[in-house]
Structure formats: C-alpha cells, structure tokens
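Here the protein sequences line up with chains A and B, keeping their order. First residue of the first sequence? That's 0 in numbering that gives the first Met the number 0, and the numbers climb one at a time after it. First residue of the second sequence? That's 0 in numbering that gives the first Met the number 0, and the numbers climb one at a time after it.
A few of these clues could be false.
Chain copies aren't distinguished; within one or between two, either way the pair holds.
Capping the alpha-carbon separation at 30 Å, the derived lysine-lysine pairs in BS3-like fashion look like this [to be verified]:
{"hint": "1", "residue 1": "K1", "residue 2": "K335"}
{"hint": "2", "residue 1": "K73", "residue 2": "K305"}
{"hint": "3", "residue 1": "K166", "residue 2": "K1"}
{"hint": "4", "residue 1": "K263", "residue 2": "K295"}
{"hint": "5", "residue 1": "K352", "residue 2": "K166"}
{"hint": "6", "residue 1": "K166", "residue 2": "K18"}
{"hint": "7", "residue 1": "K18", "residue 2": "K231"}
{"hint": "8", "residue 1": "K263", "residue 2": "K166"}
{"hint": "9", "residue 1": "K73", "residue 2": "K166"}
{"hint": "10", "residue 1": "K203", "residue 2": "K352"}
{"hint": "11", "residue 1": "K18", "residue 2": "K305"}
{"hint": "12", "residue 1": "K263", "residue 2": "K73"}
{"hint": "13", "residue 1": "K263", "residue 2": "K231"}
{"hint": "14", "residue 1": "K166", "residue 2": "K199"}
{"hint": "15", "residue 1": "K338", "residue 2": "K111"}
{"hint": "16", "residue 1": "K331", "residue 2": "K2"}
{"hint": "17", "residue 1": "K1", "residue 2": "K352"}
{"hint": "18", "residue 1": "K166", "residue 2": "K229"}
{"hint": "19", "residue 1": "K231", "residue 2": "K28"}
{"hint": "20", "residue 1": "K65", "residue 2": "K229"}
{"hint": "21", "residue 1": "K305", "residue 2": "K1"}
{"hint": "22", "residue 1": "K111", "residue 2": "K295"}
Just so you know, these hints were derived from the structure itself, not from any lab.
Residues per chain, in single letters:
2 protein chains.
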Amino acid sequence: MKKVFILGSTGSIGVNSLKVIENLNDEFKVIGLTVNSNVDLLVEQIKKYNPEIVAIRDKSSAEKIKDLVPNDVKLFTGEKGLIEAAVSCDYDIFIGAMVGFAGLAPTIEAIKRGKRIALANKETLVVAGEFVTNLCRENQAEILPVDSEHSAIYQCLVGENLSEVEKLILTASGGPFLNKEKSFFDIATIDEALNHPNWKMGNKITIDSATLMNKGLEVIEAKWLFGLPKEKIDVVIHPQSIIHSLVQFVDGSVKAQLGLPDMKLPIQYALTFPNRTQNYFTRTDLTEIGTLTFTKPDYSKFECLKLAYDALECGGTAPCVLNAANEIAVDKFLKKEIKFSHIPGIIYSALNKFVSNGLSDLESIFEYDKKTREYVRTLN
Amino acid sequence: MKKVFILGSTGSIGVNSLKVIENLNDEFKVIGLTVNSNVDLLVEQIKKYNPEIVAIRDKSSAEKIKDLVPNDVKLFTGEKGLIEAAVSCDYDIFIGAMVGFAGLAPTIEAIKRGKRIALANKETLVVAGEFVTNLCRENQAEILPVDSEHSAIYQCLVGENLSEVEKLILTASGGPFLNKEKSFFDIATIDEALNHPNWKMGNKITIDSATLMNKGLEVIEAKWLFGLPKEKIDVVIHPQSIIHSLVQFVDGSVKAQLGLPDMKLPIQYALTFPNRTQNYFTRTDLTEIGTLTFTKPDYSKFECLKLAYDALECGGTAPCVLNAANEIAVDKFLKKEIKFSHIPGIIYSALNKFVSNGLSDLESIFEYDKKTREYVRTLN
C-alpha cells in the first residue's frame with residue numbers, strides 16, 4: 000500500500016485526488032492533508048480518511064477547528080506548517096495540488112526527500128523550473144504531471160525516446176472568449192470569464208483559461224518537464240478538449256492522448272504509473288462526440304500567451320515575474336479593481352520593470368516574486 | 000547497415016518501401032526484390048538498387064526479361080521461386096508487400112528464419128493468424144505491421160502493457176460509398192469503387208475499402224497481432240483518415256497515432272523500430288486540416304465488415320474462406336462479372352458451404368483456400 004500526502008486537499012485537484020484514491024481502494028492510503036483555509040471540508044476529510052498529519056496555512060482558520068482535530072492527528076499551522084507537515088511524516092507520493100506560489104516551498108521539501116511528486120501546482124515549474132528539475136535529478140525525485148495536457152504528453156512519450164521528439168503540441172480549449180472580439184475584453188464580466196466551456200476548476204485557473212495565460216504557463220512547464228526549447232512547444236486551439244495534447248516525432252508520426260475532460264484520469268495515472276488501473280470513469284465515445292476541431296491561437300488577441308513565450312525566451316527570473324504579476328492581476332480582476340483587458344498590460348509592465356537577472360536560484364525567485372507582487376498591487 | 004528483402008517490390012507498398020530506404024541512405028541495403036509480373040519496373044529497380052537476388056512469380060513475364068538481369072544477380076521464377084528467393088539470401092528485414100494469398104508461403108519461410116517481418120500482406124495473418132503467430136514465437140521472429148492502422152496501434156502500445164488494454168479502435172475512412180444508399184451498390188461502377196477519397200492503393204485493396212472488407216480483414220489481423228478477442232476490437236468511421244487508430248486502456252485513457260495518409264511512415268517505422276529516424280515527409284498540421292469527424296459503421300449497409308467479425312468468431316478456417324471468397328468476388332467485380340452489391344452474398348454463401356473444420360494448420364488453410372476459390376469462380 001502506497002502512502003499519499005496531499006498539499007491542498009480541499010481544492011478541485013485535492014478533492015478529485017481523494018475520489019481517485021477511494022476508487023483504488025487498498026492500493027493507496029492518505030497520510031497527510033493540508034489546506035489553505037477551507038477547514039470545514041478538512042474536518043470532513045479527516046473523519047473520512049483518518050490521516051496521520053494535517054496542516055492549515057491560514058492560522059485564524061486553524062484556530063476555529065483546532066478542537067475538532069482528533070488527538071492522534073498531528074496538526075501544523077501557518078506557511079511554515081505546510082513545510083513542517085511535508086517533512087514530518089512518511090509518504091511515497093506527494094500530490095502538489097495547492098494553487099499559487101504557496102505550493103512551491105513544501106513541494107521542494109518533498110523533492111529533497113526523493114519522493115514521487117504528482118504535480119498539479121503550476122508555479123513549481125513555472126517560477127522555479129530550472130532549480131526544481133536540477134533538484135529532482137540530484138534527489139532522484141520524479142515529477143508526474145497532473146494536468147491533462149502534460150499527462151497526455153507524458154503518456155505519449157512512454158516507450159519513446161525524448162531525443163526523437165520534434166515538437167510538443169499543447170491543446171487549448173480557447174476558454175469562454177475564444178470567439179469574442181478583442182474589444183469585448185473591455186466589458187467582460189467576472190461571471191462571463193468564469194464560465195469555462197469544458198472544465199470546472201478553481202477561479203484563478205479559470206480566469207487564466209480565459210486569457211490563455213493558463214496555456215502560456217503550461218508551455219513554460221512543458222519546457223522543464225520534458226527538457227525541450229520553446230521552439231519545440233506549440234499551442235493549438237481545440238475547443239472540445241478531447242485531445243489533451245500531442246507529440247510529433249522526427250519521423251513525422253504524431254501521437255495523442257484523448258479523454259473526456261476529467262481530472263481524475265491524470266491524477267490516477269500519476270499515482271499508478273507505470274501501471275494503469277481499471278476504473279469506471281465514463282469512457283470516451285468519439286462517435287458520440289462526433290467532431291473535433293483545431294485552429295491556430297490568435298496571439299494578438301490573447302496577449303498573455305505571447306507574454307509567456309517571451310518570458311520563457313528571456314529566462315532567469317522572467318517567468319517568476321510573469322507568474323506573480325498575473326496572479327495579482329487576476330486577483331484584481333476578480334475584485335473588480337481592473338478590467339479583463341488590463342491583465343496583459345499589467346504583466347507586460349512588470350516584465351519591463353523587473354528585467355531578469357538571468358538567475359534561477361530560490362533567493363532570486365522569492366525576491367522577484369515579492370517585489371513584482373508589491374509593484375503590481377500599486378497598479379490600476 | 001541492415002539488409003532488406005522485398006516480397007512484392009513493384010506494388011504500392013514495394014515502391015514506397017524503396018523510397019523510404021532511399022531516404023534512409025546508408026542504413027538499409029536492398030538485397031532481394033521479388034515481383035508478380037511487372038518486370039519492366041523490376042528491371043529499373045535492379046539497375047537502381049543492385050540486389051543480390053530477384054524472383055519473378057509469373058514465368059512467362061520472367062522469360063521476357065531474362066537477358067536484362069545482370070549475371071551477378073541470382074534469378075528465380077515461379078511460385079516456388081518466391082520461396083527459394085526468401086531462403087537463398089541473407090537479410091535482416093523481410094518486407095511482405097505482395098498482395099493476396101501468394102504472399103503467405105514466402106513470408107512463412109522468412110518467419111522460420113527468425114527475421115523481422117515488416118508485414119503489409121494482409122492474408123498472412125487473416126488466413127493463418129494462429130499458425131503464423133505461433134511460428135513467430137517459436138522462431139523469435141517479430142512482426143512489425145505495415146499498414147497505417149496496425150502501425151498506429153503498435154506505436155500507441157510501446158511502453159504500455161498489453162494486459163492493460165481495454166479496446167483497440169480501428170479507424171476506417173468509410174471509402175467512396177460512405178454516404179451512398181445501399182441501393183446504390185447495385186449500380187456502382189468499377190471506376191466509382193476505385194475512387195478512394197484518401198488513399199492511392201492497388202485495385203484489390205481499394206475495392207475492399209469500398210466494401211469495408213478491408214477493415215474487416217484488419218480486425219482479424221489485429222486479433223492476431225495484439226492477441227485480443229474480437230469483443231475488444233472496434234471500428235469507427237473517420238472519413239479524414241488522419242487518426243490512424245486508437246487504443247483505449249483500462250483506466251479510460253485513450254491514445255491515438257495520427258498522420259497524413261502516407262504509407263511511407265508506417266513502412267519506415269517498421270524498418271527503424273524501436274527508433275524513429277528523421278525524414279522530410281510532409282508534417283500533419285491539424286489547424287490546416289481543421290476538422291476530424293467520427294461516426295459508427297453501418298453494419299447492415301457494409302455487410303462485409305459484419306461477415307469478417309462472424310468469420311473471426313467462427314475461427315479455424317472461416318477467415319481463410321472469407322478471404323478467398325472475397326478475393327475472387329472482387330476479381331469478378333473488377334472483370335464486370337458481378338455487381339458490387341453481390342460481393343457480400345458470395346462470401347456469405349462460401350462461409351456457409353465450407354463450414355470451418357476448427358483447425359488452423361497450413362494444410363487445412365491451403366485446402367479451404369483452394370476449394371473456396373474453385374466454388375466462388377462458379378458463382379454469378
């Protein structure tokens with residue numbers, strides 16, 4: 000039986016991970032659960048999964064439920080508590096499901112311990128890709144991607160030789176604004192931006208899907224996961240989200256992984272790899288779906304995607320600045336402080352202000368993350 | 000440098016194989032060329048590729064060009080000549096590209112020698128699947144499929160575990176009559192049946208594409224190539240022929256291989272496997288193709304596909320009878336002796352007349368093949 004630690008157990012990926020583990024009964028055991036602030040759901044999860052350890056990032060939320068945590072469950076709190084939890088119990092697989100920059104430090108601890116990292120947290124590779132992939136190599140930790148696109152590529156690459164890859168092709172649904180004019184971005188509401196056609200996800204990532212920044216971040220992740228330059232990573236718009244991504248090889252052959260939009264599949268794959276385990280998820284019936292379509296992304300309309308490629312080319316701390324500026328800009332949009340159309344301009348401004356120092360050590364990353372956030376908070 | 004023997008070098012697969020070998024210069028050397036009767040092209044090929052050995056099945060054709068074969072090239076003729084050629088020279092890879100039942104016996108010789116078999120000849124596995132796969136195991140010969148569908152499945156399976164396959168999904172273009180009413184089959188002309196929307200192939204296989212027998216034969220081949228029962232082999236109509244086939248795994252994940260309709264790709268893969276070699280074939284641009292569609296096959300309209308499943312279920316000599324009856328029926332259609340709509344009825348009649356003896360040894364196969372052909376030739 001494999002022991003699983005979940006960083007971010009109450010978010011969309013965390014909840015789906017627990018469902019997957021339930022389906023795979025007797026093969027996996029939940030050891031640690033950590034959350035940001037959703038303590039009500041955490042209490043339910045503790046009852047159901049009986050972990051050895053829990054951590055709550057938000058201290059005031061932790062105060063509220065302290066007495067509801069059984070005595071035999073170790074409780075940690077605060078930013079540091081996430082890290083303490085990640086180093087204080089024994090596990091085989093670390094599911095990095097916490098959204099945002101906060102997921103980085105605990106994930107690094109799990110990597111140092113040489114664990115399998117089922118990685119959903121985008122920031123880990125986006126802001127610290129070079130550092131993290133080196134650390135994995137040194138500690139023999141393996142990253143199994145838990146989003147549908149990178150999992151698709153990972154699956155297409157089993158048994159293949161990375162040196163024979165000509166191109167990775169990430170598919171993008173195009174989000175809710177695929178067929179809107181650019182001028183619409185000035186009047187797009189929060190509800191409209193959160194209305195994703197295919198996937199039900201958290202707010203931050205859903206807005207990123209509307210700007211296509213989500214795909215931009217995935218391009219950066221793909222570079223580090225698969226060790227390929229940006230020229231070998233393409234994006235194709237595929238509104239049905241059935242083909243999750245593709246790999247083109249040097250002989251011209253293309254392999255793709257397909258499935259219904261359901262995060263449980265890549266989560267399960269990251270847990271069971273190199274094996275596949277029987278489940279009863281709904282199967283993909285292409286004859287029912289009928290039609291799959293593909294178009295080129297419009298980089299002039301979806302400027303965030305272009306900015307992500309630019310940051311990747313720039314390297315060093317640029318992806319970190321891109322990510323921090325985007326996170327604050329999206330937050331501002333969700334608080335109605337800025338228009339949807341302002342998001343790329345803010346990121347562009349941050350990238351220009353904090354020119355990369357060319358380094359990718361953790362100190363530089365934390366420094367650039369912090370100062371970018373401070374700067375962007377002052378913008379309108 | 001690997002040595003290659005081509006059974007059927009002047010047909011569509013043979014000619015494409017030679018193009019592939021030219022592209023892969025210095026990696027492969029043509030050692031043997033054998034043909035049915037197209038001696039004019041054979042003479043050109045001898046000049047260009049300088050083989051050690053050639054064989055011509057049709058003795059009178061051989062007579063015509065005997066003097067044009069250089070002295071240092073060994074020449075064999077007749078049905079036996081094909082077999083003699085296959086056992087008389089040294090090679091690493093045997094490309095089984097001769098169409099029809101005639102391709103079986105020489106291929107068996109190459110299997111007995113434990114060679115890699117790049118197999119395009121459908122009959123080898125359709126009529127003698129059990130015998131041939133056992134023989135491969137005994138002699139450590141490996142079959143690399145050279146048609147786009149089975150090559151697609153083979154590529155999707157590298158690095159995967161066969162026991163974790165839930166279903167193979169063969170795609171079918173649907174041929175030129177996909178959108179015709181069944182009543183049209185009474186008046187379909189040869190030219191209409193030969194007008195395949197995507198692939199340029201020989202006449203026999205093009206008619207098989209119009210009846211969907213081609214797909215039925217591929218279902219039978221898939222059973223033997225991948226060792227799966229017919230319940231795990233599905234057919235989906237995909238008129239664009241871009242997704243060449245798919246594999247669905249027990250976790251619900253689906254993998255597909257894609258490419259433009261070009262036989263050079265699966266041929267090259269069969270030669271270079273487990274590696275992939277750089278080439279300059281046109282790449283697949285999904286955004287240019289735009290749309291891929293999928294529908295269920297209509298088994299009541301395309302009765303040949305249903306008959307193939309029935310023969311597979313029946314087992315023993317039934318697939319051999321199916322194949323022989325089909326080969327003669329198609330020949331009769333191409334000679335205007337029967338209507339297109341008569342093909343399935345003739346096959347059905349043969350399957351009923353020659354009930355399987357349950358065996359799959361070579362003698363039974365040759366016996367059933369012979370008597371089926373004799374019987375079907377008498378039908379109108």
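Right, here's what the structure says about each hint:
In this homomeric assembly, K1 and K335 never come within 30 Å of each other (Cα to Cα): the closest approach is 44 Å inside a single copy and 67 Å across copies. In this assembly of identical chains, the alpha carbons of K73 and K305 never lie at most 30 Å apart, being 45 Å within a copy and 63 Å across copies at closest. For the identical chains of this complex, K166 and K1 are inter-copy neighbours only, at 28 Å across copies versus 35 Å inside a copy, given an alpha-carbon limit of 30 Å. Taking the shortest alpha-carbon separations for K263 and K295, both the intra-copy value of 28 Å and the inter-copy value of 27 Å come in at or below 30 Å.
Proximity of K352 to K166 under the C-alpha cut-off of 30 Å is found in neither arrangement, the shortest distances being 32 Å within a copy and 54 Å between copies. Taking the shortest Cα distances, K166 and K18 sit within 30 Å of each other only across copies (25 Å), while inside one copy they are farther apart (34 Å). For a Cα distance limit of 30 Å, the shortest separation of K18 from K231 across copies, 28 Å, qualifies, whereas the shortest one inside one copy, 35 Å, does not. Taking the shortest Cα distances, K263 and K166 sit within 30 Å of each other both inside one copy (26 Å) and across copies (20 Å).
Neither within a single protomer nor between protomers do K73 and K166 lie at most 30 Å apart by alpha-carbon distance, with minima of 46 Å and 45 Å respectively. Only within a single protomer do K203 and K352 lie at most 30 Å apart by alpha-carbon distance; the minimum there is 24 Å, versus 68 Å between protomers. In this assembly of identical chains, K18 and K305 lie within 30 Å of each other by CA distance neither inside one copy nor across copies; the values are 36 Å within and 40 Å between. In this homomeric assembly, K263 and K73 come within 30 Å of each other (Cα to Cα) only inside a single copy, at 28 Å, whereas the closest approach across copies is 62 Å.
Proximity of K263 to K231 under the C-alpha cut-off of 30 Å is found in both arrangements, the shortest distances being 28 Å within a copy and 24 Å between copies. Proximity of K166 to K199 under the C-alpha cut-off of 30 Å is found in both arrangements, the shortest distances being 29 Å within a copy and 28 Å between copies. Proximity of K338 and K111 under a CA criterion of 30 Å is satisfied in neither setting, with 41 Å inside one chain copy and 73 Å between copies. Taking the shortest alpha-carbon separations for K331 and K2, neither the intra-copy value of 38 Å nor the inter-copy value of 66 Å comes in at or below 30 Å.
In this homomeric assembly, K1 and K352 never come within 30 Å of each other (Cα to Cα): the closest approach is 46 Å inside a single copy and 59 Å across copies. For a Cα distance limit of 30 Å, the shortest separation of K166 from K229 inside one copy, 9 Å, qualifies, whereas the shortest one across copies, 35 Å, does not. Proximity of K231 to K28 under the C-alpha cut-off of 30 Å is found in neither arrangement, the shortest distances being 39 Å within a copy and 33 Å between copies. For a Cα distance limit of 30 Å, the shortest separation of K65 from K229 qualifies neither inside one copy, at 47 Å, nor across copies, at 58 Å.
For the homomeric pair K305 and K1, neither the shortest alpha-carbon distance inside one copy (41 Å) nor that between copies (46 Å) is at most 30 Å. In this homomeric assembly, K111 and K295 never come within 30 Å of each other (Cα to Cα): the closest approach is 40 Å inside a single copy and 51 Å across copies.
Comparing the model with each earlier hint shows violations of hints 1, 2, 5, 9, 11, 15, 16, 17, 19, 20, 21, 22; every other hint is respected.
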